[in-house]
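Asks: Protein sequences, first through last, are from chains Y and A.
When the letters of the first sequence are read in order and numbered with this note's numbering, they come out as residues 154 to 579.
When the letters of the second sequence are read in order and numbered with this note's numbering, they come out as residues 154 to 579.
Derived by calculation from the structure, the hints in this document are not laboratory data.
Some clues are possibly wrong.
One copy or two, it doesn't matter: identical chains are merged, so the pair holds either way.
[As the list claims (entries may be wrong)] Distance condition first, Cα-Cα at most 25 Å in a straight line; then the derived BS3-like pairs of lysine-lysine:
| # | residue 1 | residue 2 |
| --- | --- | --- |
| 1 | 370 | 356 |
| 2 | 472 | 516 |
| 3 | 234 | 215 |
| 4 | 356 | 472 |
| 5 | 168 | 370 |
| 6 | 166 | 234 |
| 7 | 441 | 168 |
| 8 | 356 | 168 |
| 9 | 406 | 441 |
| 10 | 207 | 516 |
2 protein chains.
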Amino acid sequence: MTLDNVHDKDSLKNKIRNIGEYARNAAFGLASTTVQDRRRALNEMSLQICDHTKQIKNANDKDIELAHSSGLNDALLDRLKLDEERILAIARGLIEISKLDDPLGRVLESRERPNGLNIQRVSVPIGVIAVIYESRPNVTADAGGLCLMSGNVAILRGGSESFYSSEAIVSFMHAGLREAGLSESAIQLVPMRDRAAVGELLKLEEFIDMVVPRGGKSLIERVREDSRIPVLAHLEGICHTYIHAQADLSMAKEILLNAKMRRTGICGATETLLVDTDIAQELPVLIKPLVEAGCELRGDTAARVIDSSLIQATESDWKTEYLDAVLSIRVVNNLEHAIEHINRYGSHHTDSIVTNNELAAEKFMNEVDSGIVMHNTSTQFADGAEFGMGAEIGIATGKLHARGPVGIEQLTTYKYKVQGQGQVRP
Amino acid sequence: MTLDNVHDKDSLKNKIRNIGEYARNAAFGLASTTVQDRRRALNEMSLQICDHTKQIKNANDKDIELAHSSGLNDALLDRLKLDEERILAIARGLIEISKLDDPLGRVLESRERPNGLNIQRVSVPIGVIAVIYESRPNVTADAGGLCLMSGNVAILRGGSESFYSSEAIVSFMHAGLREAGLSESAIQLVPMRDRAAVGELLKLEEFIDMVVPRGGKSLIERVREDSRIPVLAHLEGICHTYIHAQADLSMAKEILLNAKMRRTGICGATETLLVDTDIAQELPVLIKPLVEAGCELRGDTAARVIDSSLIQATESDWKTEYLDAVLSIRVVNNLEHAIEHINRYGSHHTDSIVTNNELAAEKFMNEVDSGIVMHNTSTQFADGAEFGMGAEIGIATGKLHARGPVGIEQLTTYKYKVQGQGQVRP
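Take these sequences, add in the hints, and give me the full structure.
Replies: Laid out in structure tokens, this is it:
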């Protein structure tokens, strides 16, 4: 290692540490803001973004040009691209966030003790949240806005492909914060493209309370591996739709088509169909709309006995999130077998049963160990907005703190406030 | 490394892995038990322990003998020792746990969406909880009982000094589980004294959902350092009592004495007194009862100007959990200074302000970043039972999942149950 490298490394470390320190200091102030303050800041940010679509577009052009020359594929280029309409949608998103109920200061529980102590459990911000994400520049505004509305300081680390776009968006968010009289440190973008910056961020236990990674499996695995700070994430969405023996076939057909094909690239898309052996003869009817929609179908041996046009599925199919027009199919012996398969191969995200048997549905929903369990509906509904929670920062598949959609309420914690009149403990 | 070592290591690893697998399997069954099942098991366990005090006492004698010969000090020997009274208290503890409200199946939220979907957020067990603790054998029953009542499988790893006592207690808990028709795997004791067992446990992400360490700072630091599994813990309790300028002096005096001296070895004991400069002249009056009770007092320079008999405090005193009859004293300029001191040096556990000024109290309780904040009462009240939550497994000082006392409600998580009638997402 040359002397230069050493200096670079130290300087990166110091810069990241400074961001953390500023964030921690800003967190104390932000926790004491009123919901009016936070709403006003979100509205001002939105106005600033609307007033500067041209500047944001220019910054995005720079990202697109660099991405072109580095050979990014068309799908990723499309995700990266901002036009006037998309920029206005970003601004509208901030307004929507500002309309949500204040998640802070809710009295979650209140007890009067026999000795006269009054004990309240009250919702408060978590503090400082680092959001690490990939190419979509709109996440910059969404994540920053959700953190602000919940009284948390955001440290944002976007993909290097969207660096200039994110920088422009954050600069107008800062202008909005200033207009509302809040500290600019409430939303900070890690100002370097260096990949090592993420590693340094993940060491700042002292300043950062939670890390939210958003992106592909490799990003999330890396963050979980390296972080000394608690991580709220979903690794992947291996969602199942189970057609029970007593399912309404036409309902099952519609739900299955929607669950797989409405959008194949989202985490709530079904990846595996489980069909009960008692209804397996209906498989050709069930999958006809999928075939017509161009979905690739991979079945286990029992499924291929019924429909030999299926590609042979292997063990690894049960563990794969395709995020594409591909579906694996397994014939299961009964309800217990379906539950066992899901708990073994699934990712604890979202799983649905289609049946007219209420007891079977209840057993399925109790015993499938996932954040979201469904009966007679499509796994594609796994989404904070569809749940009536407003925008979400992601879907958690861990078990602690939050499970399922993570909206502003899930970005809070609580403290106990104990009010006495001089009581001492006997 | 000899071939023998390799085999030992592999065999330890396999044994621990087996415990994890049994635990995970038992968790699915336990999640479906009724509260009657779980209460019955707790009652049967309690009976079994009452019926076998002699056997437990004999096992404890073995531990005591070994501890003697290895030179354990008297305080630790006392914590380790079980007599008939203590064994009956353990049995009573299980009955108390069985009387708590069922923490499972609570509908935490229910929404009817415009499209007719019904979305319920329902409390469920976390799954498998590993509790790692030091010498007190009663923790074996407490922790096992709290996990069972909340539908969680417990993997218990006690201190090696209490090995035989814990083994005896667990054997009678198993008898109780059998009587109630539940799987013995619901409560498992790691059956070896080898320290490496903890390291192996902490790698079992696949089978264990949460780790709760209970004990000294070094144990908890080690668990946090080594664990791949989320840890719920408090590292230490550096609690503060702040006497504001507008405090009622006689109330302050009583609260301070209780907060420091009622029991000095618990995590809710006050370690640092902050006195407002405007009331600092009253310091001799405030600390007189402490001096009489034999407390060692260490003051900063300003405090020593007022009372030169104080030992000089240094920076390191502000960071120290004495767990003893020692108090550090600092004169602070004002409310803001007190809050800043606490947020900088405290451990986010429990902090109290004594004042008649409601606004000052409100500001203190809002801005002190601790799990428990108090007004006009003693930090020694930081305890699940005192909060009306029943027995606690510990007090959490992290921010995610649970803060403050961790009772059976905090040993649950939730899932979303979505009920449809064939809805698909547009």
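Asks: Give a verdict on every hint.
Replies: How the hints compare with the structure:
no. : hint      : in the structure
1   : 370 - 356 : both (21 Å within a copy, 21 Å between copies)
2   : 472 - 516 : within (24 Å within a copy, 51 Å between copies)
3   : 234 - 215 : within (10 Å within a copy, 72 Å between copies)
4   : 356 - 472 : between (31 Å within a copy, 21 Å between copies)
5   : 168 - 370 : neither (28 Å within a copy, 31 Å between copies)
6   : 166 - 234 : neither (31 Å within a copy, 51 Å between copies)
7   : 441 - 168 : neither (57 Å within a copy, 49 Å between copies)
8   : 356 - 168 : within (13 Å within a copy, 33 Å between copies)
9   : 406 - 441 : within (9 Å within a copy, 80 Å between copies)
10  : 207 - 516 : neither (55 Å within a copy, 44 Å between copies)
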